[in-house]
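A.B. asks: Sequences are here, hints too, so could you generate the full structure?
Residue strings, one per chain:
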Amino acid sequence: MSIPAYKTNDITSLIPQRPPILMVDGFTCENEQNCQSTLTISSDNMFLEESGLLAEEGILEHIAQTAAAYVGHIRKLAGEDVNMGYIGDIKRCTVSGLMPAAGDTLITHLTIMSQVGNITLVSAQTAVNGQTILTCRMKLAN
Amino acid sequence: MAQNSKLYDILETDEHSILLKMNENHPVYQGHFPGNPITPGVLTLRMIRECVSRDIRRPLHYSAIKTCRYVALIRPGDSLRLHRQITNNGDSLSIKATLSHADNPDDIRLLLDAEMR
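Here the protein sequences come in this chain order: A and B. For the first sequence, my numbering begins at 6 and goes up steadily by one. For the second sequence, my numbering begins at 12 and goes up steadily by one.
Since the hints were made in silico from the structure, they are not lab data. Among these hints, one or two may not hold up.
As the list claims (entries may be wrong) - DSBU-like, lysine-lysine: derived pairs with alpha carbons at most 30 Å apart:
#1 Lys96(A) - Lys17(B)
#2 Lys12(A) - Lys107(B)
#3 Lys32(B) - Lys96(A)
#4 Lys144(A) - Lys17(B)
#5 Lys77(B) - Lys32(B)
#6 Lys107(B) - Lys144(A)
Bear in mind that the values here come from a model prediction, so they are computed numbers and not experimental data.
C.D. replies: Right, dumping it as structure tokens:
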């Protein structure tokens with residue numbers, strides 16, 4: 006399968022998640038194997054902790070929604086509706102460095118490792134200000 | 012907003028397990044998903060981190076998640092039992108956790124092998 010490059014800020018057209026847990030604000034699909042997403046953290050983000058820093062679970066949700074946006078994009082290209090997805094597992098996750106705060110922008114690179122039926126396996130790397138803060142593998146079912 | 016409303020209540024706690032109940036009125040369920048409320052998997056991870064932080068009496072964060080398997084969905088109102096095994100490695104804690112239905116240990120919802128600091 007070969008797909009054209011695609012870019013949108015209209016995330017709700019690709020995923021079913023809605024506020025207060027919408028964790029992607031820009032999505033680019035470079036090709037069938039590589040995507041990129043962004044999130045600029047607002048001061049009312051539900052994953053901000055008392056310390057003022059974003060919880061690591063917020064970054065994992067951002068990655069899950071990036072993968073969901075990829076799945077939604079592929080489904081729309083095939084003329085199908087966007088559907089709900091769930092995390093099946095998280096593996097090989099490492100967290101390091103200073104967590105971001107309100108105003109910072111997450112940039113995530115996603116590599117699609119496999120997509121068989123409704124199971125999608127991705128490898129993700131999230132950076133803030135050029136520093137990688139979280140990497141993981143994630144399996145999604147939709 | 013979300014910060015003012017608890018995702019879960021702790022009903023009981025001892026060295027073996029923690030009994031929890033998911034709060035069906037939490038605002039996250041309005042967005043995850045509209046008309047079909049399901050507890051976001053990442054919030055289950057945060058719940059376990061908060062429980063272990065209570066055990067250890069200081070705020071902890073994940074430094075690594077070796078495996079986190081979501082076995083079955085968690086819905087608002089569910090009663091759950093968390094079994095956790097905490098090993099202190101000096102500069103980090105190894106956490107092995109199982110989340111299951113409160114009354115049925117065979118109804119496993121999540122299996123976790125992680126490290127916290």
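A.B. asks: If a hint holds in the structure, say so; if it does not, say that too.
C.D. replies: The hints, checked one at a time:
1. Lys96(A) - Lys17(B): Status holds; Cα separation ~28 Å.
2. Lys12(A) - Lys107(B): violated (40 Å)
3. Lys32(B) - Lys96(A): Distance ~27 Å between Lys32(B) and Lys96(A) Cα, so the pair holds.
4. Lys144(A) - Lys17(B): With a Cα-Cα distance of about 28 Å, the restraint between Lys144(A) and Lys17(B) holds, given a limit of 30 Å.
5. Lys77(B) - Lys32(B): Given that 30 Å is the threshold and the Cα spacing comes to 26 Å, the pair holds.
6. Lys107(B) - Lys144(A): Distance of about 20 Å is within 30 Å: holds.
Checked against the numbered hints listed earlier, the structure breaks hint 2 alone; every other hint is satisfied.
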